[in-house]
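As given, the protein sequences belong to chains X and F, one line each in that order.
Be aware that the first sequence starts at 1, since it is given in our numbering, and climbs by one per residue.
Be aware that the second sequence starts at 1, since it is given in our numbering, and climbs by one per residue.
It cannot be assumed that every hint is accurate.
What follows is a set of in silico ranges between Cβ atoms, one per label pair, in the way DEER data are often shown [to be verified]:
no., chain 1, residue 1, chain 2, residue 2, range
1, F, ARG667, X, PRO25, 38 to 46 Å
2, F, ALA290, X, ASP87, 22 to 30 Å
3, F, LEU675, X, ASP4, 24 to 32 Å
4, X, ASP4, F, ASP166, 33 to 41 Å
5, F, ALA42, X, THR164, 50 to 58 Å
6, X, ASP4, F, HIS716, 38 to 46 Å
7, F, GLN200, X, ASP181, 19 to 27 Å
8, F, ALA538, X, PRO25, 34 to 42 Å
9, F, ARG667, X, ASP87, 29 to 37 Å
10, F, LEU675, X, ASP87, 49 to 57 Å
FYI, nobody ran anything at the bench for these hints, they're computed from the structure.
For glycine and all other residues, C-beta sits at the position ideal for the given N, C-alpha and C.
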Amino acid sequence: MSGDITQLLQRAGAGDRPALDALLPQIYAELHRLAHAQKPGAHATINTTALVHEAYLKLVDQTRLDWPDRRHFFAYAATAMRNILVDNARRRNSEKRGGGNVRDDDALERLGGNDLGADLIQVDQALGHLAKVSDRLREVVELHVFAGLEFRDIASCLQLTERTVFRDWRKARALLHGLLDAAPCAS
Amino acid sequence: MRELTPELWSRIEPLLDALLDLPAEQRAAALARDCSDEQLRAAVLEVLELDARDDGQFDRVTRDVGASGAASAGLEGRAIGPYRVQRAIGEGGMGAVFLATRETAEFTQRVALKLLRVGLFSSAQQEMFRREQRIHARLEHPNIARVYDSGITDAGVPYFAMEYIDGVAVTDYCDRARLDVDARLRLFMTICDAVAYAHQNLVVHRDLKPSNILVNADGVPKLLDFGIAKLLRDTGDQAEATRTAWRAFTPAYAAPEQLEPGSITTATDVYALGIVLGELLTGARPSRNADGEMQGSITGSLSAAVATVRSSSVRSLARRLRGDIDAILRRSLQADPQRRYPGAAALRDDIQRHLQGRPIRAKPDAWIYRSGKFLARHRLAAAAVAAIAAILVAATLFSMRQAGVARSEARRAGAEAARANAVKQFLLDLFESSAPGDPHPVETADAMLDKGLAQARAGYKDQPELQVDVLRSVGDIQHRRGRYEAARTPLEEAVSLSSEKFGPGDPRTLDAVVALSRVDEAASAYASAEQRLEKAIAAYRAANTVESTALAHALQQLGVMKLRQHRLDDAIALEQEALAMYRRLVPEDSDDINTTMIGLGDALDHAGRSAEAAELFRTVVARTRRQYGDAHVLTAQALGYLAAPLRESGRVDEAENALREAVAINRKVYLAPNLHATDTLYELGKTLRAAGKYSESEAVFREELDLERQLFPDGHPNIASTLKNIAAALSANGRPAEAESLLRESLALDLRLRGPDHPYIAQARTSLARALIAQGKLDEAQPLLDAALAADRKRYGESHASIAADLVGAAELAAARNDCAAALDASERAAAMYASSLPAAHPSRLEADLQSADCLLALGRHGEAVARFDRASAAAQSGTPPVVATVARALLGLARAQMAGGDTTRARVTLASAQQQAARLDSAASPVATEIARLAASLQ
Numbered sequence: 001m002s003g004d005i006t007q008l009l010q011r012a013g014a015g016d017r018p019a020l021d022a023l024l025p026q027i028y029a030e031l032h033r034l035a036h037a038q039k040p041g042a043h044a045t046i047n048t049t050a051l052v053h054e055a056y057l058k059l060v061d062q063t064r065l066d067w068p069d070r071r072h073f074f075a076y077a078a079t080a081m082r083n084i085l086v087d088n089a090r091r092r093n094s095e096k097r098g099g100g101n102v103r104d105d106d107a108l109e110r111l112g113g114n115d116l117g118a119d120l121i122q123v124d125q126a127l128g129h130l131a132k133v134s135d136r137l138r139e140v141v142e143l144h145v146f147a148g149l150e151f152r153d154i155a156s157c158l159q160l161t162e163r164t165v166f167r168d169w170r171k172a173r174a175l176l177h178g179l180l181d182a183a184p185c186a187s
Numbered sequence: 001m002r003e004l005t006p007e008l009w010s011r012i013e014p015l016l017d018a019l020l021d022l023p024a025e026q027r028a029a030a031l032a033r034d035c036s037d038e039q040l041r042a043a044v045l046e047v048l049e050l051d052a053r054d055d056g057q058f059d060r061v062t063r064d065v066g067a068s069g070a071a072s073a074g075l076e077g078r079a080i081g082p083y084r085v086q087r088a089i090g091e092g093g094m095g096a097v098f099l100a101t102r103e104t105a106e107f108t109q110r111v112a113l114k115l116l117r118v119g120l121f122s123s124a125q126q127e128m129f130r131r132e133q134r135i136h137a138r139l140e141h142p143n144i145a146r147v148y149d150s151g152i153t154d155a156g157v158p159y160f161a162m163e164y165i166d167g168v169a170v171t172d173y174c175d176r177a178r179l180d181v182d183a184r185l186r187l188f189m190t191i192c193d194a195v196a197y198a199h200q201n202l203v204v205h206r207d208l209k210p211s212n213i214l215v216n217a218d219g220v221p222k223l224l225d226f227g228i229a230k231l232l233r234d235t236g237d238q239a240e241a242t243r244t245a246w247r248a249f250t251p252a253y254a255a256p257e258q259l260e261p262g263s264i265t266t267a268t269d270v271y272a273l274g275i276v277l278g279e280l281l282t283g284a285r286p287s288r289n290a291d292g293e294m295q296g297s298i299t300g301s302l303s304a305a306v307a308t309v310r311s312s313s314v315r316s317l318a319r320r321l322r323g324d325i326d327a328i329l330r331r332s333l334q335a336d337p338q339r340r341y342p343g344a345a346a347l348r349d350d351i352q353r354h355l356q357g358r359p360i361r362a363k364p365d366a367w368i369y370r371s372g373k374f375l376a377r378h379r380l381a382a383a384a385v386a387a388i389a390a391i392l393v394a395a396t397l398f399s400m401r402q403a404g405v406a407r408s409e410a411r412r413a414g415a416e417a418a419r420a421n422a423v424k425q426f427l428l429d430l431f432e433s434s435a436p437g438d439p440h441p442v443e444t445a446d447a448m449l450d451k452g453l454a455q456a457r458a459g460y461k462d463q464p465e466l467q468v469d470v471l472r473s474v475g476d477i478q479h480r481r482g483r484y485e486a487a488r489t490p491l492e493e494a495v496s497l498s499s500e501k502f503g504p505g506d507p508r509t510l511d512a513v514v515a516l517s518r519v520d521e522a523a524s525a526y527a528s529a530e531q532r533l534e535k536a537i538a539a540y541r542a543a544n545t546v547e548s549t550a551l552a553h554a555l556q557q558l559g560v561m562k563l564r565q566h567r568l569d570d571a572i573a574l575e576q577e578a579l580a581m582y583r584r585l586v587p588e589d590s591d592d593i594n595t596t597m598i599g600l601g602d603a604l605d606h607a608g609r610s611a612e613a614a615e616l617f618r619t620v621v622a623r624t625r626r627q628y629g630d631a632h633v634l635t636a637q638a639l640g641y642l643a644a645p646l647r648e649s650g651r652v653d654e655a656e657n658a659l660r661e662a663v664a665i666n667r668k669v670y671l672a673p674n675l676h677a678t679d680t681l682y683e684l685g686k687t688l689r690a691a692g693k694y695s696e697s698e699a700v701f702r703e704e705l706d707l708e709r710q711l712f713p714d715g716h717p718n719i720a721s722t723l724k725n726i727a728a729a730l731s732a733n734g735r736p737a738e739a740e741s742l743l744r745e746s747l748a749l750d751l752r753l754r755g756p757d758h759p760y761i762a763q764a765r766t767s768l769a770r771a772l773i774a775q776g777k778l779d780e781a782q783p784l785l786d787a788a789l790a791a792d793r794k795r796y797g798e799s800h801a802s803i804a805a806d807l808v809g810a811a812e813l814a815a816a817r818n819d820c821a822a823a824l825d826a827s828e829r830a831a832a833m834y835a836s837s838l839p840a841a842h843p844s845r846l847e848a849d850l851q852s853a854d855c856l857l858a859l860g861r862h863g864e865a866v867a868r869f870d871r872a873s874a875a876a877q878s879g880t881p882p883v884v885a886t887v888a889r890a891l892l893g894l895a896r897a898q899m900a901g902g903d904t905t906r907a908r909v910t911l912a913s914a915q916q917q918a919a920r921l922d923s924a925a926s927p928v929a930t931e932i933a934r935l936a937a938s939l940q
């Protein structure tokens with residue numbers, strides 16, 4: 001499978017759409033598995049950076065990929081990680097209103113979760129709005145927050161300078177602050 | 001913000017780009033200059049203002065999701081202390097790191113400025129921070145990054161200025177330079193020296209990992225962030241820390257003891273060093289089991305790529321790493337800190353010995369327990385993750401190789417016990433670590449496991465050994481997932497394949513049959529498991545005159561099957577045979593021997609041979625302690641097993657001590673609620689209750705309840721039971737109102753879980769009724785008792801223990817209404833019913849007897865009362881163990897009856913005994929104790 005994913009990434013990098021589509025579930029699944037591989041009860045948060053990198057190492061044969069291909073991995077991983085965390089947050093939210101009980105030990109729970117869950121859901125929504133204004137900014141945020149890439153790495157990924165990425169981050173952050181201010185209150 | 005459109009943004013953005021680079025003071029002017037559109041200007045200002053915001057909701061989320069921190073966002077160009085931030089150069093779990101500069105008259109000093117995420121608000125915290133920093137500033141070593149300076153900003157954010165190291169993580173460095181194993185080992189030794197130096201200065205790093213070990217262009221390693229983890233733990237408010245959820249260490253490198261607050265020592269650093277070493281040599285962190293110890297072979301993850309950057313080939317690399325290096329790693333990664341190298345210096349020395357070709361000091365690792373009792377028998381909740389199967393398929397290839405290595409080593413070692421084989425452990429590990437509530441459907445995992453199987457069958461047609469391994473592993477996984485049918489197929493196939501290729505009498509076939517019989521066992525098909533095993537053992541014996549561990553294992557498992565079917569003599573004989581055989585085949589301190597001892601002890605226990613069972617379990621406890629230490633789950637389990645036979649043979653205090661220790665170990669060692677912990681708490685609670693220590697038992701049962709609630713948020717029959725146990729303790733301590741509320745909760749749970757027609761419901765109602773009676777709520781109690789009696793009569797007819805219990809309740813109610821005749825009638829009928837099925841000392845039967853004796857007394861029939869109380873107290877004292885409260889109550893009744901009959905002298909003597917008993921109760925508020933005290937007072 002390692003060979004397969006590397007190939008998929010390469011083909012995706014070359015613009016192969018079906019290859020792109022085939023990637024996401026695998027990455028999603030691996031991240032999900034890793035996200036839950038933490039010992040329950042440990043006073044630790046999910047380090048998305050570590051997870052994404054671990055997933056990367058596990059799924060991809062490193063020597064065969066160049067940075068532009070890696071971009072696709074990380075971009076997907078970031079989106080996948082975002083989805084995982086938000087899914088969990090949503091489920092947690094529904095539990096609070098008595099909608100069944102899932103004993104899911106994830107980052108949000110360890111963070112003493114419910115507030116953070118609501119925060120995260122809102123941030124997710126705000127990101128959705130941000131994407132409509134500038135998808136590039138959304139990507140920078142996802143790569144930085146959910147894939148945990150450093151600015152330097154994001155720059156390599158997106159073929160930009162580090163300064164540019166840094167500035168993108170500030171702009172994105174500012175806009176998100178604003179979008180969150182304007183968001184309706186969490187239920 | 002709500003009106004922000006892409007079009008508007010495209011006009012704002014270029015302005016922003018220009019302005020963000022300017023210092024804040026100059027922005028307004030520049031904006032006025034470059035932009036004439038009022039609206040646009042306002043929008044830009046709005047964004048700038050948002051940029052300046054310090055800590056918003058988004059920052060919180062990003063920080064807590066674990067990636068970047070708010071700290072890095074707006075700090076570029078800002079001044080921190082005497083330093084000016086240039087750019088962020090990294091993010092870590094503890095905080096952001098910046099490149100910063102400080103201008104002096106002579107030069108520009110470049111530093112790595114590290115801002116911590118913890119806020120130090122109190123002066124005490126700040127003082128502690130400064131004190132720690134003075135210690136770190138003392139660390140002067142060529143391989144430790146100097147800390148130049150530290151401070152606290154006005155906002156309370158602590159920062160360090162450290163030597164700026166232009167380097168890469170040690171793992172990257174070695175790969176890029178294609179260093180071979182020897183060179184890596186020598187580099188690692190330098191790192192150990194640095195850590196040892198720090199340890200001498202009483203600083204433990206606590207967060208060693210490649211990103212904290214940089215190597216500069218000259219090949220000089222430099223360690224970063226010494227002791228910062230400790231600093232963070234001590235200075236941050238614990239609750240705050242959990243809320244903001246920074247992490248003071250990296251789980252992947254964390255030693256087992258680090259995941260629980262507790263004793264962190266220099267051995268903790270040794271553990272992390274072990275992991276780094278593993279990574280340096282094999283390209284991956286060593287794979288570890290749930291306890292944190294190394295599992296599988298170190299050569300498991302070698303690939304061509306890994307070998308290349310070590311200037312070697314896979315084969316020679318594997319050869320190089322086997323033996324010494326493997327042993328050194330295992331020792332570094334022991335779960336018990338005391339079994340590791342005592343410090344970095346010792347680790348370094350052993351590596352040196354290895355490089356010099358001298359014998360090393362690492363010991364081989366203990367084997368893994370394998371037994372009916374030890375293996376976690378919980379069903380995995382729907383755990384399926386598609387990627388597990390994907391990994392299975394991917395892993396099949398390398399684990400095949402690994403399994404091959406493991407098997408040949410096992411053969412060389414001559415012991416089947418080294419069958420902690422790579423495939424199974426790796427895959428089981430994956431499943432162990434998966435969490436319930438996974439969104440992916442279970443079917444997917446099944447499909448993927450099937451696919452993995454098919455792939456293995458097709459790809460490894462010519463390697464039946466490997467095929468059998470995969471089949472067994474998949475079977476094991478399905479077994480663990482509780483999918484017994486799905487487990488059968490691959491396991492049956494493994495058996496027939498093994499039989500075909502290796503012969504029906506081959507030890508491997510026997511092993512496969514044992515694995516299959518486990519599935520039978522889990523599905524409670526004990527008879528068919530027994531048949532299978534007997535047949536396979538016969539086939540083995542027909543083909544082999546030689547004993548083997550496979551045979552011993554099969555005998556042991558057969559023993560367990562016999563036990564489950566209550567064929568105790570057979571079970572004992574088989575376990576004894578297996579034990580003797582193991583002793584001839586494997587080293588004395590082998591886990592197989594422990595396992596078998598436990599099986600034998602279990603059988604003896606069931607057979608009522610408590611003393612022998614206790615002896616055996618004592619031995620197991622001692623061995624486990626020796627091998628695993630005092631703070632290990634296995635020691636806790638062994639202590640738990642010891643308790644039952646001790647209790648049975650009347651040594652209640654010893655049982656209590658053993659259980660207390662087991663509970664203490666569990667608290668320390670288990671990171672999460674689990675059934676072992678709750679079972680042990682239950683045993684302790686029961687033991688305490690019998691000893692009359694109701695208050696303590698209440699506390700213990702409450703602890704159990706807490707864990708169970710966490711384990712089973714949807715409810716579980718155990719929770720209903722535990723609620724009743726707590727209620728019983730409360731009632732015994734004269735707190736019926738509190739008992740009532742718990743019993744109501746328990747009844748509701750029972751109704752939900754078992755349904756209104758379940759046999760237990762009646763008893764739940766009766767218990768509740770009695771708690772109500774104790775509060776005088778007689779009218780509420782009546783309907784509950786009526787319902788319970790009706791249901792029980794319908795189910796059981798006229799005579800049954802359950803009906804008897806209801807009648808005891810009815811008697812209590814009648815007595816509360818001063819209807820002694822009716823009460824006597826009910827309690828005598830209850831006693832008669834009990835007498836036909838329970839021994840004299842059984843608490844329920846005694847209760848009925850005592851109740852009827854009380855009625856006799858109330859009716860003035862003193863002589864009969866005395867006789868009955870006398871008999872009851874004798875019976876109570878003969879219990880194994882005697883229940884203190886019951887004995888006390890019996891003696892109290894006897895004393896009262898004697899008094900009523902005018903025999904004051906005897907009454908005093910009896911009362912003295914009663915007082916002795918009551919003194920052992922740990923709450924003076926219990927009704928029995930109160931009564932005794934009152935009677936004593938009246939006799940003065």
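Checked hints:
Roughly 41 Å separates the CB atoms of ARG667 (chain F) and PRO25 (chain X), a value that falls within the hinted 38 to 46 Å. At roughly 26 Å, the beta carbons of ALA290 (chain F) and ASP87 (chain X) sit within the given window of 22 to 30 Å. Distance hint for LEU675 (chain F) and ASP4 (chain X): a CB-CB separation of about 39 Å, inconsistent with the stated range 24 to 32 Å. Between ASP4 (chain X) and ASP166 (chain F) the C-beta distance comes to about 38 Å, which sits within the given range of 33 to 41 Å.
In this structure the supplied range 50 to 58 Å is violated for ALA42 (chain F) paired with THR164 (chain X), their Cβ-Cβ distance being about 26 Å. Checked against the hint of 38 to 46 Å, the C-beta distance between ASP4 (chain X) and HIS716 (chain F) comes to roughly 42 Å, which is consistent with it. GLN200 (chain F) and ASP181 (chain X) have their C-beta atoms about 53 Å apart, which leaves the hinted 19 to 27 Å range violated. Taking the beta carbon of each, ALA538 (chain F) and PRO25 (chain X) are about 49 Å apart, not inside 34 to 42 Å as hinted.
Look at ARG667 (chain F) against ASP87 (chain X): about 33 Å separates their beta carbons, and that is inside 29 to 37 Å. Between LEU675 (chain F) and ASP87 (chain X) the beta carbon distance is about 28 Å. The supplied range of 49 to 57 Å is therefore violated.
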